[in-house]
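There are 4 protein chains.
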Amino acid sequence: MKQKQLNVIETKAREWLLDRGVKVQDIAELTYHLQRSYFPHLTIEDCIRHVEKVLSKREVQNGILTGIQLDRLTEKGLLDEPLQSMLKKDEGLYGIDEVVALSILNVYGSIGLTNYGYIDKQKPGILSRLNDKSTGDCHTFLDDIVGAIAAAAASRLAHNSDVTPTS
Amino acid sequence: MKQKQLNVIETKAREWLLDRGVKVQDIAELTYHLQRSYFPHLTIEDCIRHVEKVLSKREVQNGILTGIQLDRLTEKGLLDEPLQSMLKKDEGLYGIDEVVALSILNVYGSIGLTNYGYIDKQKPGILSRLNDKSTGDCHTFLDDIVGAIAAAAASRLAHNSDVTPTS
Amino acid sequence: MKQKQLNVIETKAREWLLDRGVKVQDIAELTYHLQRSYFPHLTIEDCIRHVEKVLSKREVQNGILTGIQLDRLTEKGLLDEPLQSMLKKDEGLYGIDEVVALSILNVYGSIGLTNYGYIDKQKPGILSRLNDKSTGDCHTFLDDIVGAIAAAAASRLAHNSDVTPTS
Amino acid sequence: MKQKQLNVIETKAREWLLDRGVKVQDIAELTYHLQRSYFPHLTIEDCIRHVEKVLSKREVQNGILTGIQLDRLTEKGLLDEPLQSMLKKDEGLYGIDEVVALSILNVYGSIGLTNYGYIDKQKPGILSRLNDKSTGDCHTFLDDIVGAIAAAAASRLAHNSDVTPTS
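Chains as they are written, first to last, in full-length UniProt numbering: chain A, 1 to 167; chain B, 1 to 167; chain C, 1 to 167; chain D, 1 to 167.
It should be emphasised that the hints constitute simulated quantities derived from the structure, not laboratory data.
A few of these clues could be false.
[Unchecked claim] Just some of the chain B residues that point at chain C, by a computed CB distance under 10 Å:
1) L105
2) G112
3) D144
On a predicted model such as this, the values are computed, not experimentally measured, just so you know.
Where is the CB? At the ideal position from N, CA and C, for every residue including glycine.
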């Protein structure tokens with residue numbers, strides 16, 4: 001019964017990501033971007049495998065469901081003020097999105113912190129689209145969550161590799 | 001202009017707490033409960049003063065607004081499944097409430113961790129009422145947030161005191 | 001080669017724990033103490049199995065080695081002032097021991113926070129002996145690390161169980 | 001008496017930084033580098049003022065003293081194996097340095113995470129020198145600590161500013 005419940009949660013978290021336009025492949029490309037210089041034989045398939053494992057963690061699923069829920073409610077204008085405006089404009093002093101991202105990162109330890117911060121600033125690949133405010137979509141939480149999953153997958157890859165890059 | 005905006009956010013965070021039945025005095029009593037054995041001359045007024053300072057921090061206000069918003073939406077049944085059920089029953093494997101609590105605690109450093117965990121388990125004072133599921137109210141986030149504010153105020157008190165208890 | 005290196009680190013972390021008087025059984029008893037009321041069929045052997053899994057995580061090994069190293073150097077008086085005195089007396093405003101404990105806890109998510117704080121305050125079993133200052137030993141880091149491993153094992157147990165306690 | 005004790009700790013933390021070749025000005029330049037595009041009228045003097053405030057926080061001082069102590073002991077070869085080798089080569093899977101950095105960052109909330117990760121990857125200014133392994137010096141902890149202080153100062157600046165950049 002528990003197993004079934006967990007599967008529902010993982011299935012839903014993956015559906016919600018897809019529904020917001022984020023494919024496993026998109027996240028894996030961020031991980032590849034982060035790690036290819038350290039691991040010359042790295043393939044996108046390796047990265048996909050690590051992203052899949054990150055997505056199987058309950059803390060990660062909790063973060064995905066909570067963050068996307070808040071993004072959706074923001075788009076529909078269903079939050080109360082002043083929260084509605086803060087999330088709508090992704091206000092710089094609002095940090096609960098980073099807090100949720102950190103809870104995802106921490107599952108694979110602190111070594112992902114640098115990678116997370118780096119791609120959050122550089123906005124490669126899917127992160128660029130998620131930050132495009134011109135679409136009318138709200139991805140205040142999702143962009144941080146996607147960056148955190150990609151950085152967590154990079155940490156997992158480093159933990160399971162034969163090569164240990166210096167930090 | 002910025003000052004005005006900050007004041008709106010602090011005012012709203014305090015209003016939302018009151019609206020959910022949590023007075024500054026209630027939180028100060030938790031802090032008093034945590035610290036009176038270390039500081040024999042401690043008064044409730046001292047604790048109120050420290051709780052007020054904790055409430056003036058923007059990170060704390062962000063946590064209050066986000067957590068109470070999610071509790072309210074849960075009560076109204078406005079969240080999507082499976083999140084609605086997870087928050088409704090305060091599910092044990094859902095930890096985003098603790099994640100938000102930790103972001104409040106961290107503003108006054110790691111020394112508040114023990115106090116937070118202790119009152120979250122013991123549920124003294126207002127925390128007992130917030131955990132009473134028989135009322136039909138949902139305080140999945142709020143009980144953790146109130147415990148974290150009380151523990152953060154205890155840390156602030158220790159940082160500003162003449163007496164340094166051993167940890 | 002990597003596998004071999006990891007094994008050395010895990011082996012050493014376990015040796016250092018034993019050398020400081022902490023057996024896997026001691027930690028498992030803390031986990032049992034935390035969880036037996038939620039899981040009536042729980043055995044010490046179950047708890048040992050979860051503690052073993054926690055000890056296999058690299059972040060946990062890093063925390064054990066770093067914390068015990070600092071405790072040892074403190075006992076030998078080899079740290080520079082004012083750090084030597086701060087660690088010697090386990091000063092209340094020094095929180096790096098809790099910071100390291102948190103990095104261990106986070107590997108199994110935020111749901112262990114409450115359990116960690118609770119046993120850190122209550123000091124059952126081995127934690128009572130580690131906090132006995134009359135022995136001349138210094139366990140400023142180790143007591144927090146042992147509590148965090150026990151709480152992480154309790155989280156792991158909850159994640160892998162058929163029964164989901166409310167948080 | 002407490003006031004005096006705190007001053008000793010702050011004074012020592014500042015002395016240790018200087019002794020390791022890190023001036024307040026060096027850290028302020030990192031903060032300036034991070035924030036100048038958001039705040040066109042920003043001066044180095046503004047940044048120095050915020051770095052000074054960050055250095056006045058006890059958690060930050062604890063992190064500085066603990067990290068530099070471990071770096072010094074590593075240089076002298078006084079740590080036990082395998083920790084000595086892990087810190088000597090700044091091993092990629094050792095994350096306690098990032099854990100300590102995070103405890104510094106968290107004092108000013110989660111909004112500094114991105115800035116920390118960014119400069120830790122880019123290594124501008126003083127961070128480039130601290131990462132130069134050819135000198136024989138060991139700065140495994142110090143480089144992360146300096147980056148975290150600079151990012152915390154950037155967060156403090158944003159919290160106290162009239163202009164709110166989007167995150």
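Here is what the structure says about each hint:
Because the beta carbon of L105(B) sits about 9 Å from the nearest beta carbon in chain C, less than 10 Å, this interface hint is met. The criterion of a C-beta within 10 Å of any C-beta in chain C is met by G112(B), whose closest approach is roughly 9 Å, and the hint holds. Checking D144(B) against chain C: minimum C-beta separation of about 9 Å stays under 10 Å; hint holds.
Comparing the model with each earlier hint shows no violations; every hint is respected.
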